[in-house]
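> Throw the hints in and build the complete structure from the sequences for me.
Each number in my numbering comes from the position in the sequence shown (counting from 1) with 1 added on.
Honestly, the hints are just simulated from the structure, not real lab data.
The reader is advised that the hints may include incorrect statements.
[Stated by the list, open to error] FRET-style restraints, in silico, Cβ to Cβ:
id : residue 1 : residue 2 : range
1  : MET36     : THR71     : 30 to 38 Å
2  : MET9      : ALA56     : 17 to 25 Å
3  : THR71     : MET38     : 29 to 37 Å
[Claimed, not checked] Derived EDC-like pairs (lysine to aspartate or glutamate); straight-line CA-CA distance at most 16 Å:
id : residue 1 : residue 2
4  : LYS15     : GLU59
5  : LYS26     : GLU72
6  : LYS15     : GLU39
7  : LYS55     : GLU69
8  : LYS15     : GLU29
9  : LYS19     : GLU69
10 : LYS52     : GLU69
11 : LYS3      : GLU59
12 : LYS15     : GLU46
13 : LYS55     : GLU34
14 : LYS26     : GLU57
15 : LYS52     : GLU65
16 : LYS55     : GLU65
17 : LYS26     : GLU46
18 : LYS52     : ASP22
19 : LYS3      : GLU57
20 : LYS19     : GLU57
21 : LYS26     : GLU65
22 : LYS15     : GLU57
23 : LYS3      : GLU34
24 : LYS52     : GLU34
25 : LYS3      : GLU69
26 : LYS52     : GLU72
27 : LYS3      : GLU45
28 : LYS3      : GLU65
29 : LYS19     : GLU29
30 : LYS3      : GLU23
Cβ atoms here follow ideal geometry from the backbone N, Cα and C, with glycine treated the same way.
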Amino acid sequence: MKTVTIQMAGNLWKLLVKQGDEVQKGQEVAILESMKMEIPIVAEETGFISKVYKAEGEFVDEGEVLLELTE
Numbered sequence: 002m003k004t005v006t007i008q009m010a011g012n013l014w015k016l017l018v019k020q021g022d023e024v025q026k027g028q029e030v031a032i033l034e035s036m037k038m039e040i041p042i043v044a045e046e047t048g049f050i051s052k053v054y055k056a057e058g059e060f061v062d063e064g065e066v067l068l069e070l071t072e
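Written out as structure tokens, the structure is:
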């Protein structure tokens, strides 16, 4: 199982993908707002999104899983 994790605590400002979407390595999948900055979250692997764990507007902590990917 491949996952995309949150790099720092903040608000999940925008989710750019949904379950079933195909993502490429390096593709932006979400935008995190932290300390009045927008931080892109990118996929580190290529795959299909099998599960989305967080929703837009939710507060997230560093290390939490955002998405699960399958091949």
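> Each hint should be assessed against the structure and marked as holding or not.
Hints, verified against the model:
1. MET36 - THR71: 30 to 38 Å: For MET36 and THR71 the Cβ distance comes to about 33 Å; the hint holds.
2. MET9 - ALA56: 17 to 25 Å: Once the Cβ atoms are compared, 18 Å apart, the range 17 to 25 Å for ALA56 and MET9 holds.
3. THR71 - MET38: 29 to 37 Å: holds, 31 Å
4. LYS15 - GLU59: Holds, at about 10 Å.
5. LYS26 - GLU72: Holds. LYS26 to GLU72 sits at ~12 Å (cutoff 16 Å).
6. LYS15 - GLU39: Roughly 10 Å separates the two Cα atoms, so the pair holds.
7. LYS55 - GLU69: This hinted pair holds, its Cα atoms lying about 11 Å apart.
8. LYS15 - GLU29: holds, 11 Å
9. LYS19 - GLU69: Roughly 11 Å separates the two Cα atoms, so the pair holds.
10. LYS52 - GLU69: holds, 5 Å
11. LYS3 - GLU59: This hinted pair is violated, its Cα atoms lying about 22 Å apart.
12. LYS15 - GLU46: violated, 20 Å
13. LYS55 - GLU34: holds, 14 Å
14. LYS26 - GLU57: violated, 22 Å
15. LYS52 - GLU65: holds, 14 Å
16. LYS55 - GLU65: Cα-Cα ~9 Å, so holds.
17. LYS26 - GLU46: holds, 4 Å
18. LYS52 - ASP22: Holds: LYS52 and ASP22 sit about 10 Å apart, inside 16 Å.
19. LYS3 - GLU57: Violated, at roughly 21 Å.
20. LYS19 - GLU57: Answer holds: LYS19 to GLU57 is near 11 Å, not above 16 Å.
21. LYS26 - GLU65: violated, 19 Å
22. LYS15 - GLU57: holds, 6 Å
23. LYS3 - GLU34: violated, 24 Å
24. LYS52 - GLU34: violated, 22 Å
25. LYS3 - GLU69: holds, 6 Å
26. LYS52 - GLU72: holds, 13 Å
27. LYS3 - GLU45: holds, 9 Å
28. LYS3 - GLU65: Between LYS3 and GLU65 the Cα gap is close to 13 Å, so the pair holds against 16 Å.
29. LYS19 - GLU29: Distance ~12 Å between LYS19 and GLU29 Cα, so the pair holds.
30. LYS3 - GLU23: Within the cut-off at roughly 13 Å; holds.
When the structure is compared with the earlier hints, violations turn up for hints 11, 12, 14, 19, 21, 23, 24 and for no others.
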